[in-house]
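S.K.: Each chain, written out:
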Amino acid sequence: MTSLFGARVPRKEDPQLVTGKGTYVDDFGPDALGVAFVRSTYAHAEVLDIDVGEALEVDGIVAVYTYEDLPERIGAALPVLVPHPGLTEPRTGYPLAKGIVRYSGEPIAMVVATDRYVAEDAAERISVSYQPLPPVVGLENAAAAERLVYPDVPGNLAAHMVQDVGHARQAIDAAPHRLQFRLAIERSAPVPLEGRGVYACWDARDGSMRVCSSTQLPVSLRNAIASRLDLPLKKVEVIAPDIGGGFGMKLNHPWPEEVLLPWAARLIGKPLKWVDDRREGFIASSSERAQIHDVDVGFDDQGHILGLSVRFLHESGAYTPYGIIVPIITMSQLPGPYRIPNYRVEFDCLYTNTVMVTPYRGAGRPQGAFAMERTIDRIAEFLGLDRAEVRAVNFVQPADMPYDTGLIFQDGRPAIYDSGDFPSSLKLVTEAIGWRDFPARKEQAAKEGRRLGIGIACYVEGTGVGPYEGGHVEIEPSGRVLVSTGLSAQGQGHQTMLAQIVADELDVPICDIEVTTGDTRRFGYAVGTFASRTAVMSGSAVALAARKVRAKALRIAGDALEADPRDLEIEAGVVRVKGSPEAFIPLKTVATLSNPLRYAFDEAAKAATQFTRPGSFDEPPVREGEEPGLEATDYYSPVRCTFANGIHAVVVETDTRTAEVRILNYAVSCDCGTMINPMIIEGQIHGGVAQGVAGALYERLAYDEDGQLQNASFMDFLMPYATEVPEHIEIRHLETPSPLNPLGVKGAGEAGVIPAVAAIAAAIEDAEGYRIDHMPVSPSELFHLRSSQEARQ
Amino acid sequence: MNEERHEITLLVNGLPNTVVVPARRLLSDALRHDLGLTGTHVGCEHGVCGTCTVLFDGQPVRSCLMFAVTAAGHEITTVEGLTEPDGTLSPVQQSFIDCHALQCGFCTPGFLCTITAFLDEHPDPTDAEILAGVSGNLCRCTGYQNIRSAVRRAADLRSDRARRVTT
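Protein sequence lines correspond, in order, to chains A and B. At position 509 of the first sequence (counting the first as 1) the number is 509 in the numbering used here, and the numbers step up by one without a gap. At position 92 of the second sequence (counting the first as 1) the number is 92 in the numbering used here, and the numbers step up by one without a gap.
The set of hints was computed from the structure by calculation and includes no laboratory data. Where hints are given, some of them may not hold.
Per the computed footprint, the stretches of chain A lying under chain B, defined by three or more beta-carbons under 8 angstroms from a beta-carbon of chain B, are [to be verified]:
no., stretch
1, 89-95
2, 236-246
Which bits of chain A does chain B cover? Going by a derived footprint, with three or more residues having C-beta under 8 angstroms, they are [claimed, not checked]:
no., stretch
3, 5-13
4, 571-585
5, 708-715
Example chain A residues on the side facing chain B (calculated, C-beta under 10 angstroms, incomplete) [as the list claims (entries may be wrong)]:
no., residue
6, Y117
7, G434
8, Q684
9, G688
10, P720
Each residue gets a CB set at the ideal place from its N, CA and C atoms; glycine is no exception.
For reference, chain B alone in the conformation it holds in the complex (with noise of 0.2 angstroms):
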């Protein structure tokens, strides 16, 4: 069974990645081994826990069900994008660091790119939305109080560094 490949070009993280796949070559898997991307993890192949979760044109959506040859053209963020360039952490990856939001950390890039998207959308978050953004992502050794609050610090760092670029 010789299977048919395709040349696809990949945006991750800003940059392009051309990568031959097989058409059922899943997006999580061209990420973390054709790339190397390995920050993505796979945690069910399903699409429930969310682990596997990137960014796909600024969405976050399960790479665990999605085609590799699907994501042609889209621009890709996956955790390695979510660093500032300069290398700084991202609000919402230091925000997990104060707040013990990750143990084993396996969920946590899922959870940073999904609370990336959710704070672009939700700003200043009550609980209760904060509850919905954070309730499509499983996470087993936290008990997720402290994701809870890395939310909302996360929120906060965001308007103060907004406020120190705009001063």
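With the rest of the complex left out, here is chain A (with noise of 0.2 angstroms):
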């Protein structure tokens, strides 16, 4: 049979979602009670009182919540999912606000009534006195600690923490050469199209509760509402149906809404459904990017780094409940595909009077990549270097892999990188984009009055990180072979990715498979999807499940035909003897025969009926060892996670009136290991691109000085449509298959995003010939630097 892995599949996901059929949390329940939420209009003050007397007074109005009606374990501060040492400082929202408010959009009523309508009319009607308090805003204000966002937390600072490779300080010192210089990224949001949502059921007869949230990790939820909810686990059900994306921001939980949704439809004894609108999505939700980067490096007449140090500021927002994962990743990726001897890194992890900031696509990469690679295009300026052979230069080599940077990653152990072929990603993408003559390029367009510049970056990204992710197959009677895995997807073709594996793994046709992904009925034990880690994670662990399942086949097909089960092969979904083409059964009749019957309740059953099939009297007929039915489990638990590694390059034209950026060509080398689909590669990295250039270019968080979101609507924050997008990327894949799993895949879901600011301020300082090291720049922005530029000329 053809192999599939490494196939172009059309996505099994797709024939319901073009016609209508998919199903988001919003499309259950149409006849569930409406919530709405009372959110603070305050970034930070004290909450005096509550008025909801009018509200009660709605009619269609069920009941109105607020922190005193909440029973302790409802109530109680939210969790902080991801503790660490060197988050001394952590703090939490409640899931309604207790007392004082910390960013504008924190919860502080809940309404529920007939519909959403009503219960929106009756928020209306809540209102609030607060004593307002002085908001701490922006970083450089939270590091000033003028102001506090608690009065318990000296200096706004949630943590601290340094890693040393090395001797930075006295390799910098002893270095030919020094530069020193500060970097800086803005808020950004992940914005999926559609938001967070929860629908809550609970049947009072067998005190059970289905939740469906739009979740990134429904199993974990699922133990987070038991908790919350004292229920057994098995009591308690989450599914993640059909999400419209997550990038990172449904990664978090659980929401308040995710608590008290399932508590108060308990309570009423009916469903609930709330679905943020898309002013929630920004001003309740999560977001990530803000970091200010000092940056110390030495380094030779060659441009060898010889020692770098990075002191940075990351502002965390109101709240840590996701912990320090994303200055923690910031850290330990900045070096990227560098050998950099010598190497100190620290940061400030600063609360501010704004909404929490949790991992967005390429979660800190991105602000990592930038400095990194900022440095690189600073040293080899200095040097009078081409930008890429510098570059080459410090790569750490394929004769170094596995390479231990020395470095501790995100899940507390070593970041040893275990494959990547630096130098040829480099040959690709530098010939994709045409870098060696770019200058010419350049000069003819500069003689036709028009502004050229290229920039080039890299990344390496840590993938695929434990602790563990499971699978399951199971071949039915009917043929049909039905495959979960516990973490939910996206829209990143999960299903088809995994129905390739195990087409492969039990030689069917993908057509008879149906895969199940994020839904606890299924499969209850799983981590979730982030991380660019499901091919890694479950596709390994449903590889590793299929492998059982056709070992377990072969010795009942070998049974039955009588043959030794390594004389047996798979083709189609049939067990032949190999070179007897008439000695064969197919899987289905296996499936059937893997459950001894008493009973024979359809044709197919009766093949399994204890007279059809009476065996050996010696032998019990479910023998030793074995269990009823084709089917198995099993589970993938690396020692260390992957990492994947690629290369953007990027032409670019700014208008020498205007100064809007164009972007003419845009080319990515990427090796995400081995390749499963490279069409569902291919289009994670498009929408990363995407999502890179609307970071450098558009999107932003604009915070006023008060604390209020000043562009909370597609009105204001300046999503790209296809008009900002480049028409085409030019992409060139690499593949070093990864040592550490089954399949030798490392994960491709963030590879699009991480180096494109880096890459693109790198093109339009190229193009305009002064320094671009605070991104996002916009058209108004770049126009006001150059005119300040030309003004010093």
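Using the supplied hints, reconstruct the complex from the two chains, each of which is provided in its own coordinate frame.
M.R.: This is the structure we're talking about:
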């Protein structure tokens, strides 16, 4: 059979999705009660009084809840999901505000009514009295600490952490050349088109709770809900149905709404539903990226980096439910593909009165790549060397793999690069973008009065982090192959990718395979979807489970065909004796035989009943060590994560009159290990680059000095349309298989976004001839930068 | 507060549906929650993202910006109505699969309706026309490259099918 692994297999998800048959959270429970929230209008305030009197008079109101109405277990502070010794001052919010609100958008009251319209009517009639407190807005203000988010957190400092490899300070002091500079990236946001949403349904008859949530981790959410509601795990089902994008925003859990709706659904005894509106999506979720880096680098005449010291500020917003994962990723991934013998990195993680920070696709890596890649560009400029060559001289070489960076990664384990060929990757991307011929192209354009610039940026991405993921594979007597894994999908094509793996492992047609993700009824042990980990983790687990099923199928078929299992092969769902085409048995018959029966409930079942299949009287029908059914579960738990890598290169034109930036060419070399479906990988790259372009040129969260988000709508938050994104992305694949997992895969979900901001900044700088060290840069900002440069000259 | 309710008939995908709705009921909510046509999605409720686009007498409109009562008596086509009566996918639906023009699928129904109307007016579109045709809808997953390819392919599929019907 032709291998499907590595093929551009059309997606199994698509026929449903293009016909309107997808099922997202808001498609559940058409008769559910509607829920709306009253949210803080201040970024920092004491809540003096909540008057719900008028709301209770609205026709159709069912209930209004504030913090005072919640039982202790429900109202308690939300968890610090990822504790870390470096996070010395963790803080989280409450499902409904307790006394103090710390960002504009924080939930204060929950309204339940006959439908969402009525719930919003009632929410409007709730009046909250505040005593405003001085808000802390912006990283520099947070660091100055003239105002505090928490009176008991001096300096607004949630965490301070340092990692050292070698002796960076001495190495920099001793280096022939030294540069020091500051770089900054602003807040952006994941902005999936479907926001967050929760549907909760309590069954009083059997005391069970069913929750549908637009979440990236349904199993962990199930565990959290069971804990909060004090229910047995088996009495709580969480389903992550079709999800309209996540990009990290649906990683945090439980969100206030994920605690409150199940609780109130049980209390009221009716299903409840809440789906955010776009404004809530901006002001009451999470976002990321704001960091300021102070770089100090020492290097020699060839551009070899001898010592690098980076100190950065990281904005955490009001709370730290996701710990300090993002700045840890920045610190440990900043060196990228380079051998940096002496590296010191430290960060201050600072509270502000803004929406909280949790990972957004790339998760701290775009900031790290920005710092590292702009550093290389400065070294090249200082020495008058080619930027690609300075990169090449610093690369970790293929022969160095596995390469221990000496750093501790976000999973608490050593960051050891498992594989990669950075010189080849550089060659691929520089050829694809026309790096060598670019100076001539630029000169020619200049003669025509046009400004062109080229930029390049590399990344290494720790992917497929543990601790584990599981897979279940079952062949039914119908011939259907059911596959499940516990994590959920947000559009990455997991069903297709996992079906390809199983089709190959079992040699069955892919059309017979049905994949379920994100449903605790089907698979109750899982970690979740993040860190480009599904192909590595669930892909490997499902492959291992399928191998067990295959071995079992061959054992049973061997008995039936009176052949040694080693002499059997499977082709298109049929088990055959090699070299004897007449001796065969379909897998579905093997599935029937795997389950010794007493009752012949259908024609196929007759084959497995006790009189048609007596077997030996000396052996039990189910042999020792076997179980009924042609199914298996297995888990994949790696010692450490894989490291994917790649390089982006971009050519931009900056308009000489308006300073508008136009992307003329964009090239990507991507090494995500062995590819399962290049079509899906390219789709991930396309979408990631679009988010990278957005973060470079358009998107930012514009907080005013009072901590009010000024652009909390699609009218004002400039998410790119087709007109803003390159028409074509030239993609070059490089496959250096990971030695760490059975498939050799490394993950591709975030590859497209990581180096884009760095590459575009470099290209604009090349076109304009002055420094671009603060991103994003809008056309008007570029225009002003240009004007001030011209004034200076 | 007792709201006045209106009995209206919505002609959706060729079939009349009578619903009783308050005047402020959005067409998007009436389609989704009163008629159960949940293929139409709501992405921003302020008319920017285009996710809720349906065809209103053949023209693409944002169903989140229209009241259901306004739509009474007009012909509405949703994503569920794009498929041929025999279940065959429309050229645009098919081309989206062929070109990997969707990932999470949330914005997809809006694009499918928009492009269906676009190809009615531009059966053989230029690249510039395609860009203009899709530039009123937001997608967060795909980067749009494959959506643009899908429009081109849908135009080809459409003319192939038309040729097959005439010969």
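S.K.: Give a verdict on every hint.
M.R.: Outcome of the hint check:
1. For a cut-off of 8 angstroms, the count of residues in the stretch 89-95 of chain A with a CB near a CB of chain B stands at 0, and the three-residue condition is violated.
2. Here's how the stretch 236-246 of chain A fares: 4 of its residues keep a CB closer than 8 angstroms to some CB of chain B, so the rule of at least three is met and the hint holds.
3. Counting residues of the stretch 5-13 of chain A whose CB falls under 8 angstroms from any CB of chain B gives 3; the rule of at least 3 is met.
4. Residues of the stretch 571-585 of chain A lying with their CB closer than 8 angstroms to a CB of chain B number 0, which falls below the three-residue condition for coverage.
5. Here's how the stretch 708-715 of chain A fares: 3 of its residues keep a CB closer than 8 angstroms to some CB of chain B, so the rule of at least three is met and the hint holds.
6. At its closest, the beta carbon of A/Y117 sits 7 angstroms from a beta carbon of chain B; the interface hint therefore holds under the 10 angstroms criterion.
7. At about 20 angstroms, the closest approach between the beta carbon of A/G434 and any beta carbon in chain B exceeds 10 angstroms, and the interface hint on this residue is violated.
8. For A/Q684, the shortest C-beta to C-beta distance to chain B is roughly 8 angstroms, which falls under 10 angstroms, so the interface hint holds.
9. With its C-beta approaching chain B no nearer than about 8 angstroms, A/G688 sits inside the 10 angstroms limit, and its interface hint holds.
10. Evaluation of the A/P720 hint against chain B yields a held restraint, the C-beta minimum of about 8 angstroms falling below 10 angstroms.
Going through the hint list in order, the structure does not satisfy hints 1, 4 and 7.
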